[in-house]
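Student: Here is what each chain is made of, one letter per residue.
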Amino acid sequence: GENVEQHPSTLSVQEGDSAVIKCTYSDSASNYFPWYKQELGKRPQLIIDIRSNVGEKKDQRIAVTLNKTAKHFSLHITETQPEDSAVYFCAARTMGSSGDKLTFGTGTRLAVRP
Amino acid sequence: SQTIHQWPATLVQPVGSPLSLECTVEGTSNPNLYWYRQAAGRGLQLLFYSVGIGQISSEVPQNLSASRPQDRQFILSSKKLLLSDSGFYLCAWRSPEGRNRYTFGSGTRLTVV
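As they're listed, the protein sequences go chains A and B. Using the numbering used here, the letters of the first sequence map in sequence onto residues 1 to 114. Using the numbering used here, the letters of the second sequence map in sequence onto residues 1 to 113.
A portion of the hints provided could be inaccurate.
[Stated by the list, open to error] Derived list of chain B stretches under chain A, where covered just means 3 residues or more per stretch with a C-beta under 8 Å from a C-beta of chain A:
no. : region
1   : 38-44
2   : 69-78
[Claimed, not checked] Cβ-Cβ distance ranges computed for the label pairs, FRET-style:
no. : chain 1 : residue 1 : chain 2 : residue 2 : range
3   : A       : Arg61     : B       : Arg42     : 22 to 30 Å
4   : B       : Arg42     : A       : Ser28     : 22 to 30 Å
5   : A       : Asp59     : B       : Ala40     : 28 to 36 Å
6   : B       : Ser106    : A       : Ser12     : 40 to 48 Å
7   : B       : Gly54     : A       : Lys68     : 33 to 41 Å
8   : A       : Glu15     : B       : Gln70     : 45 to 53 Å
9   : A       : Ser28     : B       : Gly41     : 25 to 33 Å
10  : B       : Pro69     : A       : Val20     : 41 to 49 Å
11  : B       : Asp71     : A       : Asp59     : 16 to 24 Å
12  : B       : Gly41     : A       : Lys68     : 28 to 36 Å
13  : B       : Thr3      : A       : Glu39     : 15 to 23 Å
14  : A       : Gln60     : B       : Gln73     : 34 to 42 Å
If you are wondering where the hints come from, they were derived from the structure by calculation, not from laboratory data. These figures come from a predicted structure and were not determined experimentally. Note that beta-carbon positions come from the ideal geometry of N, C-alpha and C, so glycine has one too.
For reference, chain A alone in the conformation it holds in the complex:
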């Protein structure tokens, strides 16, 4: 089955700096890669996603890049703000035995220091 690895597990940056979180996946058939932000005690919220036919996607301060050949994708947050502090999860969509499913990375706890 699909295996998604995520690094780093924790990341601390100064406000205004950039943050980069990287993920690798194992199933070359994976075709959709979302990123979720989870604040303490809350549900994960989708912040950006990318499909396998696209190499890069940007939404204001957030961008995602995908390298299908190397099977890795990354989240880039620029001009970080304290409210960006949260746990971020990457995921990859694959086909299971009877339907599609998302496999998640282990998460990155981002702390933005004011």
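Knowing the structure of chain A, use the given hints to seat chain B on it.
Tutor: Leaving out everything else, chain B in the frame of chain A:
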């Protein structure tokens, strides 16, 4: 608009007691439905998913079961809870039409004592 409901929000249950968590989706038909569990400070583990009524796929053999008695209803159950069943249980859905996006419910925080 589509919405997903989960209840209860929190639950404290003794070891050996049964469990029933419910998830319903509104505003869509034939959604794909998913149950995930998140242990404290950990990632999201897929437990079950369903593409239609009565169709359940299990990802991890364990003390839990799932059922889908209606198109937009997904139930997670256990006959006898273990301490290791404690966690944050999240239901998610995806529309079968077009968009790939998976949306999570607000979750149930289960503590087994």
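Student: None of the hints should be skipped; say for each whether it holds.
Tutor: Hints versus structure:
1. 38-44: Check passed, 3 qualifying residues.
2. 69-78: violated (count 0)
3. Arg61/A to Arg42/B: 22 to 30 Å: Given about 27 Å between the Cβ atoms, the range holds.
4. Arg42/B to Ser28/A: 22 to 30 Å: holds (27 Å)
5. Asp59/A to Ala40/B: 28 to 36 Å: holds (31 Å)
6. Ser106/B to Ser12/A: 40 to 48 Å: violated (29 Å)
7. Gly54/B to Lys68/A: 33 to 41 Å: Hint holds: Cβ distance 36 Å, inside 33 to 41 Å.
8. Glu15/A to Gln70/B: 45 to 53 Å: Taking Cβ atoms as reference, Glu15/A and Gln70/B lie about 48 Å apart, which means the hint holds.
9. Ser28/A to Gly41/B: 25 to 33 Å: holds (31 Å)
10. Pro69/B to Val20/A: 41 to 49 Å: holds (45 Å)
11. Asp71/B to Asp59/A: 16 to 24 Å: For Asp71/B and Asp59/A the Cβ distance comes to about 33 Å; the hint is violated.
12. Gly41/B to Lys68/A: 28 to 36 Å: Taking Cβ atoms as reference, Gly41/B and Lys68/A lie about 32 Å apart, which means the hint holds.
13. Thr3/B to Glu39/A: 15 to 23 Å: holds (20 Å)
14. Gln60/A to Gln73/B: 34 to 42 Å: This hint holds: roughly 37 Å between Cβ atoms.
Consistency with the previously given hints fails for numbers 2, 6 and 11, ordered from lowest to highest.
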